[in-house]
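Novice: Using the sequences provided together with the hints, build the complete structure.
Quick mapping for you: the protein sequence lines, in order, are chains A and B. Residue numbers are given in the working numbering: position 30 of the first sequence equals residue 30, and the series is strictly consecutive. Residue numbers are given in the working numbering: position 57 of the second sequence equals residue 430, and the series is strictly consecutive.
It is worth saying that the hints were derived from the structure and are not from the lab. Please read all numbers here as calculations on a predicted model, not as lab measurements. Incorrect hints may appear among the rest.
[Said to hold, decoys possible] FRET-style restraints, in silico, Cβ to Cβ: (1) B:Asp461 / A:Leu108: 46 to 54 Å; (2) B:Asp461 / A:Gln69: 29 to 37 Å; (3) B:Thr632 / A:Arg203: 29 to 37 Å.
[What the hints assert, rightly or not] Restricting the straight-line Cα-Cα distance to at most 25 Å, the calculated cross-link-like pairs of lysine to any residue (SDA-like) are: (4) B:Lys694 / B:Pro682; (5) A:Lys192 / B:His579; (6) A:Lys104 / A:Gly173; (7) B:Lys486 / A:Gly297; (8) B:Lys489 / A:Gly297; (9) A:Lys192 / B:Lys486; (10) B:Lys486 / A:Glu231; (11) B:Lys486 / A:Thr260; (12) B:Lys489 / A:Glu325; (13) B:Lys667 / B:Pro682; (14) B:Lys486 / A:Asn326; (15) B:Lys443 / B:Glu640.
[As the list claims (entries may be wrong)] Listed next, the stretches of chain B that the computed footprint assigns to chain A, with coverage defined by at least 3 CB atoms under 8 Å from CB atoms of chain A: (16) 557 to 566; (17) 619 to 629; (18) 703 to 713.
Note that the Cβ used here is the ideal one computed from N, Cα and C, for glycine as well.
Residue-level listing of the chains:
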Amino acid sequence: MAAIVSSVSPASKMFRTCFHAACGAAALNASRLPQHRAFRLNAMHRQQPFDSTLEKPQFPGASAEFVDQLEFIEPNVISGIPVYRVMDRQGNIINPSQDPQLPKDTVLNFYQKMTLLNTMDRILYESQRQGRISFYMTNYGEEGTHIGSAAALEPNDMVFGQYREAGVLMYRGFPLDSFMAQCYANTDDLGKGRQMPVHYGSRDLNFVTISSPLATQIPQAVGAAYAIKRENINRAVICYFGEGAASEGDAHAGFNFSATLECPLIFFCRNNGYAISTPTNEQYRGDGIAARGPGYGMLSIRVDGNDVFAVYNVTKEARRRAVAENQPFLIEAMTYRLTKLVTQKNWYLKSSFPIDMNGKAMDVSFNQRNVLH
Amino acid sequence: MAAAARLFLRGIHSKCSVSGVSTVPRTSFGPRLLKLSPSCDPYTKAQRRHAAHFTFQPDLVPTQYGPTQKMNLFQSITSALDNTLSSDPTAVIFGEDVAFGGVFRCTVGLRDKYGKDRVFNTPLCEQGIVGFGIGVAVAGATAIAEIQFADYIYPAFDQIVNEAAKYRYRSGNLFDCGKLTIRAPWGCVGHGSLYHSQSPEAFFAHCPGIKVVVPRSPVQAKGLLLSCIADNNPCIFFEPKILYRAAVEQVPTEHYTITLSQAEVVEEGSDVTLIAWGTQVHVMKEVAQMAQEKLGVSCEVIDLRTILPWDVETVCKSVVKTGRLLISHEAPITGGFAAEISSTIQGHGGAGAYPSCHRAGGGVHPELVTSQSQFGKS
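Specialist: Rendered as structure tokens:
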């Protein structure tokens, strides 16, 4: 795990390609506004009309062919759903057609926000260890998932998060003071000091206040998307959750409702390999979360969560289509949780130490010199 | 019910408060005249199965809300939903089987009238229904969620208690789901048995942040439901299913509201206060009538209407006057809502010294078909 970790820090990888990005080139599908979308009442799945003369199953519940060989379907018929990426581990764009060709300022902003998030995490984590705040959760290792997805959304898109999406809020411009105020539960807290740290919320930035119970936001995001669909405006909903929360009944409920009710939303699963101490092989036996999407009739994709351009591309396209076609999309971003989960519990996992900060710092200074001239 | 009548008769003539009245097996709705027993133990006599007897007692025709039309309870609900969908373009109604009109016919005609996007079926998943409803409300639209039977509301308990009830508080009023109303058929119906007869209001009474309302009649139902929909808090509206067809009244066709958290004194009296909600109000009215005829006792009957937050003042005022209180509900007696009323009233100095409070409620066992009376048989 450590070997893999050292080369996939999202910040360093992204920054290596900084000087590959051409300035001023139009971004991939960035500025095209969706047409006024039709409200598809007739798009409801219709059952096949019955024709009893055909030697074909005529069941209302499913349409398929008959087969006379007894064979169980293997859960992982192919070796798992592939992981979409744009950059290799050295930060080079593999397929130029997938380069989002973002302006230099945008890419620099990605980097700035990721390092700012990382820095804030360090300060608040230390605050907790010093007894200044009661609790904290860092975002180490998952900054790419936050920044890449947040950048692909419109500012008025509604965000339902779980608890490790501070980068989304930061990208949207939530002030550091407000993060701190919520963690310190002081009088400047927009939430009036009522919740534990990291339970951020902002009405102005369309970020629904975090709550502690896991996965409860998933069916709520679906409801919000349905209401937004009825308003017939250019607005989507994104719902973040971890691979552990995806085991909750609420997740199943949300997936099923979103597909049957044709809601314009993006389910964004951060699969970081652990739910506190529970590894993924104790969380599920199927092929991750992306493999569940087809079961619900949902378009799904798996992406390298450490590749901020890949996350950006996937979220951008999912958003475009979700709004244009009124259907949900499931994105599973594979990543790592690079530290112990929470501060109060002493969960030390040998394979999840923080990134080698020295290496990253050297990369930063090297690349900064390259960018500045 | 018979249990209520027995307790009532015992209570009138005793000086002391009987504490820890044992659970009385649920027997029937009907009143029955029993001899006074000097013993306080309800198990000394064999319990006989009582004949079914339940009469819905309509109120006078309301004149202050405009023209009226004969409606039963489910039709009054449909009327309320119709008014809502017509006046509020964001309003949507959803749940299991609501599209074809609902298993209790509460949503008949609404889909054809207002469209498939506004009245629609959801998959069979209560936690999804309520979670979805919360999301609709958070996004600013009016959400009316139907749970097919109150007995099936428990999968949604987390969404109701941990999310809906706390949404506004935990966000410092940045977000709320005040536009959510949850409706569910509630209470004994005669043949419902364990899973089509429950009255779960006490579970939700323990949860600050939501409102819980139970109407006794079509006129009350429509007004209270419209108030719940208008109310800026998530509300749970329990509809006594036995009244869906049995209760018929002249109900105003226009929009009107009945104030929440306001109990109603449906009959004035001076000797004892009887409190109930939903179906039991009609039983209590019969008990009151019986008491007047047979014993010359004047009963004040109060319909609580809103369980949470409940109208302490009206109840207190009444108990100050009468000095005696009997609360009756179908739900199991232990931890039932009567316990909350009883202890609050006894704790209130203004209610006079040691008011005599009694509770009559369901037994320790769930509803069994064999011990429920068959509606319609006498």
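Novice: So, for every hint listed, does it hold in this structure?
Specialist: The hints, checked one at a time:
no.: 1; hint: B:Asp461 / A:Leu108: 46 to 54 Å; in the structure: 47 Å, holds
no.: 2; hint: B:Asp461 / A:Gln69: 29 to 37 Å; in the structure: 56 Å, violated
no.: 3; hint: B:Thr632 / A:Arg203: 29 to 37 Å; in the structure: 30 Å, holds
no.: 4; hint: B:Lys694 / B:Pro682; in the structure: 23 Å, holds
no.: 5; hint: A:Lys192 / B:His579; in the structure: 24 Å, holds
no.: 6; hint: A:Lys104 / A:Gly173; in the structure: 19 Å, holds
no.: 7; hint: B:Lys486 / A:Gly297; in the structure: 30 Å, violated
no.: 8; hint: B:Lys489 / A:Gly297; in the structure: 21 Å, holds
no.: 9; hint: A:Lys192 / B:Lys486; in the structure: 44 Å, violated
no.: 10; hint: B:Lys486 / A:Glu231; in the structure: 19 Å, holds
no.: 11; hint: B:Lys486 / A:Thr260; in the structure: 22 Å, holds
no.: 12; hint: B:Lys489 / A:Glu325; in the structure: 18 Å, holds
no.: 13; hint: B:Lys667 / B:Pro682; in the structure: 36 Å, violated
no.: 14; hint: B:Lys486 / A:Asn326; in the structure: 24 Å, holds
no.: 15; hint: B:Lys443 / B:Glu640; in the structure: 24 Å, holds
no.: 16; hint: 557 to 566; in the structure: violated (count 0)
no.: 17; hint: 619 to 629; in the structure: violated (count 0)
no.: 18; hint: 703 to 713; in the structure: violated (count 0)
Figure legend: structure checked against the earlier numbered hints; hints not met, in rising order: 2, 7, 9, 13, 16, 17 and 18.
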